[in-house]
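I would like the entire structure built from these sequences, with the hints used as guidance.
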Amino acid sequence: SIVKAFENLTGKKVYCNNVPELMGAYGCALHSRRMVSENAATRPLEQFLTSAGFEQKTLGCKGCENQCQITQYKFKNGGTYYSGNKCEKIFTNGSSAKQSGVDMSDRKYHELFDRAADPEKLTPNPIFTIGIPRALNMYEEFPFWHTFFVRCGVRVVLSRPSTYIKYEKSVHSVMSDNICFPAKLVHSHIYELADNEAVDRIFFPRVVYEAVEDKTVTNSYNCPVIIGYPEVVASVIKTQKLVDSPVISFKDHKLLLKQLLAYMKPWIDSKQISKDTVKKAHAAAIEEYRNFGENLRNLNKKAYEDAIKAKRIVILLAGRPYHTDPLIQHKVSEMITKLGVDVITEEIVRGSSISEKETFILKQWTFVNRILNSAQWAARQGANVHFVETTSFGCGPDAFFTDEARSIMNRHNKSLTLLKIDDINNVGSMKLRVRSLIESLKFGTHEQKDVKPFVRPRKFFDEDKKLRTILAPYFTEYISPLLGAAFKTVGYNVISLPMGDAESNDLGLKYSNNEVCYPATLIVGDFIKALQSGKYDLDKTAVAVTQLGQCRATNYPSLIRKAIVDAGFEQVPVIGIAGTDKEDQPGFKLNLFKAAPIVLHSVFFGDWLSIFYHAIAVREKTKGQARALRDNFLRRANPIVERNDLKGLLDLTRQAAEEFNAIEVYDKEYPKAGIAGEIFLKFNPYSHRYVPDWLMDHGVEVVPPTIHNFFLRAFVNYKFNKDNHVKRFKVPELVIDMAYSLITKIMRKFDEQAKVFRYYVPEIDIKTQSKLAEDIICLSAQFGEGWLLPAEVIAYIKQGCTNVVSMQPFGCIANHIVVRGIEKKLKEAYPELNMLALDFDGGVSEANIANRLLLFLSNMQQK
14 SIVKAFENLT GKKVYCNNVP ELMGAYGCAL HSRRMVSENA ATRPLEQFLT
64 SAGFEQKTLG CKGCENQCQI TQYKFKNGGT YYSGNKCEKI FTNGSSAKQS
114 GVDMSDRKYH ELFDRAADPE KLTPNPIFTI GIPRALNMYE EFPFWHTFFV
164 RCGVRVVLSR PSTYIKYEKS VHSVMSDNIC FPAKLVHSHI YELADNEAVD
214 RIFFPRVVYE AVEDKTVTNS YNCPVIIGYP EVVASVIKTQ KLVDSPVISF
264 KDHKLLLKQL LAYMKPWIDS KQISKDTVKK AHAAAIEEYR NFGENLRNLN
314 KKAYEDAIKA KRIVILLAGR PYHTDPLIQH KVSEMITKLG VDVITEEIVR
364 GSSISEKETF ILKQWTFVNR ILNSAQWAAR QGANVHFVET TSFGCGPDAF
414 FTDEARSIMN RHNKSLTLLK IDDINNVGSM KLRVRSLIES LKFGTHEQKD
464 VKPFVRPRKF FDEDKKLRTI LAPYFTEYIS PLLGAAFKTV GYNVISLPMG
514 DAESNDLGLK YSNNEVCYPA TLIVGDFIKA LQSGKYDLDK TAVAVTQLGQ
564 CRATNYPSLI RKAIVDAGFE QVPVIGIAGT DKEDQPGFKL NLFKAAPIVL
614 HSVFFGDWLS IFYHAIAVRE KTKGQARALR DNFLRRANPI VERNDLKGLL
664 DLTRQAAEEF NAIEVYDKEY PKAGIAGEIF LKFNPYSHRY VPDWLMDHGV
714 EVVPPTIHNF FLRAFVNYKF NKDNHVKRFK VPELVIDMAY SLITKIMRKF
764 DEQAKVFRYY VPEIDIKTQS KLAEDIICLS AQFGEGWLLP AEVIAYIKQG
814 CTNVVSMQPF GCIANHIVVR GIEKKLKEAY PELNMLALDF DGGVSEANIA
864 NRLLLFLSNM QQK
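Numbered per the numbering used here, the sequence shown spans residues 14 to 876.
A few of these clues could be false.
Cβ pair distances, simulated, as ranges [stated by the list, open to error]:
hint, residue 1, residue 2, range
1, 523, 751, 46 to 52 Å
2, 645, 466, 49 to 55 Å
3, 656, 527, 43 to 49 Å
The calculated lysine to aspartate or glutamate pairs, modelled on EDC-like cross-linking and capped at a C-alpha distance of 20 Å, are [as the list claims (entries may be wrong)]:
hint, residue 1, residue 2
4, 271, 300
5, 134, 119
6, 251, 338
7, 636, 664
8, 732, 788
9, 634, 677
10, 735, 265
11, 768, 655
12, 501, 655
13, 634, 672
14, 89, 119
15, 288, 300
16, 179, 208
17, 660, 672
18, 838, 257
19, 768, 671
20, 838, 788
21, 293, 282
22, 314, 119
23, 433, 338
24, 660, 788
25, 660, 677
26, 278, 301
27, 288, 265
28, 634, 680
29, 762, 664
30, 251, 213
31, 542, 514
32, 293, 265
33, 636, 490
34, 134, 181
35, 179, 436
36, 271, 257
37, 768, 845
Hint data in this document are derived by calculation from the structure and do not stem from the laboratory. A virtual CB, placed ideally from N, CA and C, is assigned to each residue, including glycine.
If you want it as structure tokens, here you go:
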């Protein structure tokens, strides 16, 4: 960026390998273009700098708590350039505008938090004092919580503004380097409140749903960090003060009131506050939150209108609410306004819906919806309005919707400027990008161009559905081979694609954002590779993928739709199977009541076959015998599944147990290691680089994960969400209980057949697992694998397997919370646990994985 900027200023080509030194030359060029001689382009940089002539001096900035070390360059022509400063409050390069622009990001910051300036005046005789961290969801909800507590007679103490010094003092308790900067900052605010003698309790809620803004969508999930980070705080920060983390949903005001009454129950029971007071405080808080949002929207609209009248450039600086924190955004908004440009935020579309759908993404996250709506709004404005998005490194959902925002802007002949933010000290490159952007906007054209059409895949028409081949991605060795037979029972021709490979990874990276999770990369690549192969009639082919709930995987169909359009296969329909995908595919109707029995039986059969295989494979005297027998039983299962023979699968399970028993084995004890982690990674052999095979080759008995519990956890989630007023359900609890009873009855039948296996170990049922997990993590953690992952780890320990390998995609924020985030708490409760967390992506080093497994093996041997 520096070299290109230098070349733009000088109009000459520069050949340079020493970028830091070029900073000085660039500063000189900013102040005096005349200093560049005609032959500067071909001279070595060292000669150029010598001829330029400058003095270098180190200064210390005292403008704020960051205390930046500044390097001053003084040139012979009188020009001065500064480097090393995080902002330009004291040391400024170039010329600032005579009049600064309007900064709506800063205005929002003050609208949020100035209300807490005098807590003693607001609540002179409080029933207690609550400390609230100035972090994460409080950049959205603080007006609500401040009003609620004050109206209840509770004094609110807000932690002080974020500083880098406080952050550095608390960073020792951050459990994952790859978690986002806003999450890392939480620790400093919690520590500050814990040390504040005036604070009685700390309030850090688990907010599952935000308020619904876009009326065209049904879900308003928060990201896993906001829902789950209280679990990390509870695990790593030990304080004498209670940290209250009630489960909260802003989606339904009536349910929210029930949650608030439950939280305030101790003080209601002690007569310190009445239910009526809580109800009035709830109503007042909702009104204040609504007024806060409307005020921000109106302020942004006015700032925009004023800028248009004055013909000033406008930057819509969009991001998640906590990007309003000046430390998190590195004062980008302040820097922009000092250049005479007005900054508005995504709040300009707050509470609005854009009915015209021109994105692939499933809009299930409130803040994603708001940012996408603001991108659509900015795209439709004149050329003097530009869209800049701030995102945190490691933010998984942002990797999906950023591509959508870029596509929206491109279709309207505009570009997206993306600023990735983390806890870096040197933000010079980011400032340079913003400066270059603003300079280019000054020379922009207001010529309106035709908007490019939005292209989406074709519909799955009723009349040809039986003729269409449906491609499904490879998932697991125990379900994928049976998938086609199971779908034949409901009238569909489904082909399970071969296991992914390096080509799948390369194609996935080519046609999707390279920061989406690894499973998504492989699945996209599998589909593109199949469609490019020439094996299928594209006019009679569709692709299908399942979805999860509060996870990036819910947007897999959206990601695949965009990828196949970009690859030129828009005639191929994409089907999302789970009920959360709202894309209209009228030709695909899955009869769940008809499909469920054979699918359930196939899953239970596959799970037990996996258990049989892994217990024998490590012990077998003739290598390869267990694998051959496993593959044989999968082939034998196919016709049974195809004819929908439920009893046949039960009988085949018993036969499998008996035939695996007949394999000649070394009859001795082997150390055990359980496999846990993200569902795709832990079941897909290529994605995890065949870790179970490596362990068995090194004399370790692998205890494999089972698939059925991933789906059965829905029954636990239903009960938790209902009891904790998280959401409403149309299906009565009695019906849910009956369904669970039917499924457990099927499970017991398979269990009876499996008991003849010589290494049979009874399973801990899902409800018992959830109770064990509740000692470690709140069951509101339902994103990704959520609470099920630590539950599986604990179940392994209870069954005598204290060694666990947890696999997750690199950058999976859900697993950084439910694995690394609570690892300390897990090991405190179960000190015998030896757990290895492995991250995977397309570029993972197999040597590094092997080295870490060797250390894991060494720890096993020392126990």
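Pair hint outcome, residue 768 versus residue 671 [Cα-Cα no greater than 20 Å]
holds, 10 Å
Pair hint residue 768 and residue 655, alpha-carbon separation not exceeding 20 Å:
Given that 20 Å is the threshold and the Cα spacing comes to 26 Å, the pair is violated.
When you check the alpha-carbon spacing of residue 542 and residue 514, does it fall within 20 Å?
Roughly 10 Å between the alpha carbons, so the hint for residue 542 and residue 514 holds.
For residue 634 and residue 677, compute the direct alpha-carbon distance and say whether it is at most 20 Å.
holds, 6 Å
Compare the distance between the alpha carbons of residue 433 and residue 338 with 20 Å, and conclude whether the hinted pair is satisfied.
holds, 15 Å
With the threshold set at 20 Å, check whether the alpha-carbon distance from residue 660 to residue 672 stays at or below it.
holds, 19 Å
Does residue 634 pair with residue 680 here, judged by a C-alpha cut-off of 20 Å?
holds, 10 Å
Compare the distance between the alpha carbons of residue 271 and residue 257 with 20 Å, and conclude whether the hinted pair is satisfied.
holds, 16 Å
For the pair we were handed, residue 762 and residue 664, check the Cα-Cα distance against 20 Å.
Between residue 762 and residue 664 the Cα gap is close to 10 Å, so the pair holds against 20 Å.
Hey, residue 288 versus residue 300, does the alpha-carbon distance stay inside 20 Å?
At roughly 19 Å apart (the allowed maximum being 20 Å), residue 300 and residue 288 satisfy the hint.
Would the hint linking residue 278 and residue 301 be met if the CA-CA limit is 20 Å?
Not satisfied, since the Cα-Cα distance of roughly 23 Å exceeds 20 Å.
Does residue 271 pair with residue 300 here, judged by a C-alpha cut-off of 20 Å?
holds, 17 Å
The structure fails to meet hints 5, 6, 7, 11, 14, 24, 25, 26, 34 and 37 from the earlier list, while all remaining hints are met.
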